[in-house]
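Undergrad: What follows is each chain in one-letter form.
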Amino acid sequence: MMRALAEWLTRPRNARAVVVLFAAVSVVAGWAATAVDHDDDVLAFLPQDDADVAAFNAINRAFGGLDVAIVGLEADNPLDPELFRKLQDLTQTLNDAPEVKFALSLANVTDFQPLPDGGIETGLLVRDVPEDLEGQRRLRQKVMSRDLVVGQLIAPSGKAVILYAFAAYGADQRTFANKVRREVLDRFPPRSVYLGGAPFVATYIYDSTQADLRRLTPWAVAAIVLFVFVAFRDLRGVVLALVATSIGIVVALGLMVLTGHRYNIVLSSMPVILFSVGSAYGIHVLARYYALAAQWEPRAALIEALTQVGPTVLAAGGTTMVGLLSFLTMDIAPLRSFGLFTAAGIGAALVASLTFVPATVVVFGIRGRPVDTEAPSRLTAVVKAVERHRGWMIAVLVVASVVGAMFVARVDTRMDQSAFFAPKSPPARADRFLRRHFGGALFIQVHAEGDFNSPAVLRAWFSLADRLEALPHVSSVQHVGQVLAQLNAALAAERRVPDTVAQVKLLYRFLAGMPAVDQLVTPDRRQAVMHVKVNTADLDTIDETLAAVEAITSDTVRGATAATDPGPAGRRWRGRYLAGRVAVLARRADVPLPARVEDDLAFVLAQAPPPAKTEPLIDHLTQHLSSPESLVDFGTDLPRSRRVASALIQDAERREAAIIEALGDPDPETVDDLLFVADTVLPVARRRAVADGLVDALRQHGLTFPGGAAGERLRSRLRDELVFARAELPPTEGLERLEAQVSGLPVLHRGLSRSARQNQVASLAVALSAVVVLLCVLFRSVRLGLTAAVPTLFTLTAMYGAMGALGVHLDIGTSMLASLIIGAGVDYAVHLVAAYQAAVSSGASDPVAASVSATGTAIWTNALMVAAGFYLLTLGEARTLQNVGGLTATAMVVAAVSTFWAVPALWPRSVNTRRPDVG
Amino acid sequence: MSIQTRFNIPTCALLAAVAATGLASPAHAVDANTILEGLDDALNGAKDQYFWYEMLDQQPGKDLRTLGLEVYMKGEKRLTAFTAPADLAGTKVLILSSTRMYVYAPAFQKIRRVASHVTKQGFMGTTYTESLLAISRYAEHYTPKLLEEKDDQWVLELNEKPDGEGPYPRIRVTLQKKDFLPTEFVYFNEEGKKMKTEERMDYQCKKNICAPETMKLTDHTDGDHWTKLVQKEWKPNSGLPNRIFTKRNLARGNTRGR
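Heads up: the sequence lines are chains A and B, in that order.
Heads up, our numbering is the position in the first sequence plus 153, with the first residue counted as 1.
Heads up, our numbering is the position in the second sequence plus 3, with the first residue counted as 1.
Just chain A, same shape as in the assembly (with noise of 0.2 Å):
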């Protein structure tokens, strides 16, 4: 059939035709790959079946976790006026600009602090620097004393702040982490900047494959050039075989365009591999046809090379685009897209080098001069020796394999950030900038679906909460409650979750629209997620820190009900959950906390309510009556105050006398709103005092309490916490409806590991099946099929045991690795096997030098040239880039040597002589 089509190609009617029609084609072709459109979403590359990849990406697109870039700015004295004002700029620029939603740092940062006579008062953080350095101080004090604010906007430190930046609905993500980048590079040098958070990183990745490539590749391809070149020393022949390349290429790129897919970061490769692989086709008919012309009429010498070759470069092709078509059967959509077209790429190539080439040789007469067969030579004694000893070459083979077995034993597939960045690049640094000033930069995110107005549920999420930052490498927890909290105490003046849904459901509507809340809330408040901050980036402490969280989440959500029991389960689950907010408290004001805590407050709570004491309650009525806040205006007179303080702690029978004598005359309007305020006042107090007991007993189980103002916002924060103890139980509702799931990059991790294995496996199982018979049917023989399908195990063992022994994880890079052995790989045995039938076939007297004489040099140049090509890809930046290249040029040299060392050790003496023929 190869002769066949041969002798048709070579009539000169016939292969003008056929010149003329690939150039029709390429035309097409080219003009259709024009508009080949580019893909840019990193997130494309996640396997999107996997269960953990799935949530993940779920979480994050419904609170917006992939839009938050995180720009870090390492300074001394981050209070300096001149740097302050810079940060305000940046941060109004970045808030006027359309592709930013909202901006927040110091600089805009809200805060409220308590009226010294009563109320509220509302504004910046930090409004502007004093200029001396004791109004710096005095500043520097005020905001370090903010605990929602430091360790998130400013580092403990104080050497440090960051500004989050949040994207607009809809904005294009390198467009937008590009602006901000801009904008702060505008204003800070860059070796102070640190910039983290997913746009950064997806753009990073992106950016610089795709620079890496746009630099590397023609590099790539002139060394592959080179080769050809200087192995063939023939312009026209090297210039004609690089066509046929091409043509591949556009051919693959028209093809997406018209079945509708996009270019992406990983196809961006296609050139290298289709140059390094796809011109060895026609470099190999070219090969014959020279030697074959030195002696040969033209034509006679075309038919015969492309009958001698044909079927084997076919057949060399094919496993090649079977390694390739074996991307199918991975679950991550760019991949798969990448095996397809490249795969369509070599097809084109191959059938190009087939039937383009012999009919250009046609049209334009070409004659080269056979190829130089010395270093062939050198190599003939080399298989020659390798052939005698045959039995030493097999064992030295199999006690190979067994040592680089043992090592694919350790091969890892835990895949962290190390896997996609290099220490140097920008996601680094800006990891250890988090790590060091912020307490680090991995996340840990529990997501929960619930009704998040239910104040039950708000305190199963605070207790949940407040385990987790137990946990030794957990250094904070962020989670809607806190943030109620922090209203409830500008509306209630008690910073805890509130009481009611009505109360809940009120605080809400003042956060609308805050991209801070959005990011742990839904709209809905049906979902909500909790951000574990850890402070290792050991992949073994992540791994326990991990199945702890998972843990205390089940444990925690399960045991929840319990606060719904009005008897000793519910106390209990009261006694934990406070124990947990004051050993969290405690924690945070750096004070040891008495051993027994959550015992003591058990028993506490066991007990009957002591009578509430009668002068805390008149002096918080008091207070309360002397401030603007007051329906009745006592003003300054204390004693007036304190008096109708008095009768307003009376029982309610007795009050309103005991107001009116206290007041002499009161109107009637008078009186009526200072029952209203006993009504509503003194609730309040009465849970106050009680809570001040419960402190007072604390303390003297054992708390201790740190002096001046930390002592004072210590002791004030546990007692706003410690009036649970005594409020009546809260609905509960919402609480069996509770379900909570862990998430984050640890686990997208794990999701992502247990897809490289599986990716691995099944793509590894399908191509070399998939090869291993395409050899059988091609040489007509099992042993033949499986002595040309050796070297490929072996390259593969070889790599993998490198891999284990040298600690490269597997990763998405890498898992493609196998693909490409065993589809270029393979190759070169194929050759060899075929030629070495062909010469037992023809009678030749030597068929081992015939043989290799026939494909030695095209295997060396082929193998050195893909060598070359995809060893330049590791100079760039991109890690995955640098793991792919250097692992697949080590593997095609292995590939070469294997070759010539397995085959001519496996290889009968007597073959099938029938030859190849896929036809």
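Quick caveat, the hints were computed from the structure, so don't treat them as lab data.
Since this is a predicted model, take the numbers as computed values, not measurements.
Check each hint, because a few of them may be wrong.
[Unchecked claim] Result set (EDC-like, lysine to aspartate or glutamate): computed pairs, CA atoms no more than 16 Å apart in a straight line:
#1 A/K658 x B/D227
#2 B/K164 x B/E151
#3 B/K196 x A/E252
[Unchecked claim] Far from chain B, some chain A residues (derived; all Cβ distances over 10 Å):
#4 I273
#5 R293
#6 M297
#7 G311
#8 A324
#9 D325
#10 A364
#11 R452
#12 R541
#13 L644
#14 K658
#15 D772
#16 A915
C-beta: ideal position from N, C-alpha, C; glycine also.
Given chain A, work out where chain B should sit, using these hints.
TA: Same frame as chain A, but now just chain B:
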């Protein structure tokens, strides 16, 4: 990602400032200062006013939100009472002066005095900010320049005075010649970039006082997020009693102006 809260309820009370529009006599002089004075007079003509608004807010990518609010104004005093949605209904804000503001939330049964210095953040996630709503007399803060004169309109450019405290450094106002009523405000930042556009439409007049039936403020820096105030009821100069503007009424009164 960080957590912080904004607490700017008093902003809502200042909505009234926007609504306070009164009709002055049509001017014949056309110099920029005279036009701006005419605008200020047109915006500050009523002795007292009552409004009932429906407030619609559309953030890009989110559901349309609807709020209901009543606004009572008399001199410097303002009371805003929310009527919808249910979880906000009954919440009131009383402004007695620039330093005396009170908030009452029925869910908390508590009057809270608030002194707010946060003026540039959106009120309850809308495009309206306190600084934008607080301004009622532009001539105090801006120097006018006549940009364009059409048959029935003037276009003024207002540049903030060195000691001015306007919401934006530059404003472009389009106003009707016949009554000095503004139909469009375009706000620019320091770099001259367009930040927000406010449209005031469908003026309704009672005696000498006019008010727009619809106001729409679009934020161009936030994906054209818009907030619209649709007037449901309006009573100018109805003689609102002083007791409406008291803490007692805030906490205990059932203030209904309709």
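Undergrad: Now, for every hint given, state plainly whether the structure supports it.
TA: Hints, one by one, checked against the model:
no.: 1; hint: A/K658 x B/D227; in the structure: 27 Å, violated
no.: 2; hint: B/K164 x B/E151; in the structure: 21 Å, violated
no.: 3; hint: B/K196 x A/E252; in the structure: 14 Å, holds
no.: 4; hint: I273; in the structure: 6 Å, violated
no.: 5; hint: R293; in the structure: 18 Å, holds
no.: 6; hint: M297; in the structure: 16 Å, holds
no.: 7; hint: G311; in the structure: 17 Å, holds
no.: 8; hint: A324; in the structure: 8 Å, violated
no.: 9; hint: D325; in the structure: 12 Å, holds
no.: 10; hint: A364; in the structure: 29 Å, holds
no.: 11; hint: R452; in the structure: 68 Å, holds
no.: 12; hint: R541; in the structure: 70 Å, holds
no.: 13; hint: L644; in the structure: 6 Å, violated
no.: 14; hint: K658; in the structure: 4 Å, violated
no.: 15; hint: D772; in the structure: 18 Å, holds
no.: 16; hint: A915; in the structure: 37 Å, holds
Consistency note: the structure conflicts with the earlier hints numbered 1, 2, 4, 8, 13 and 14.
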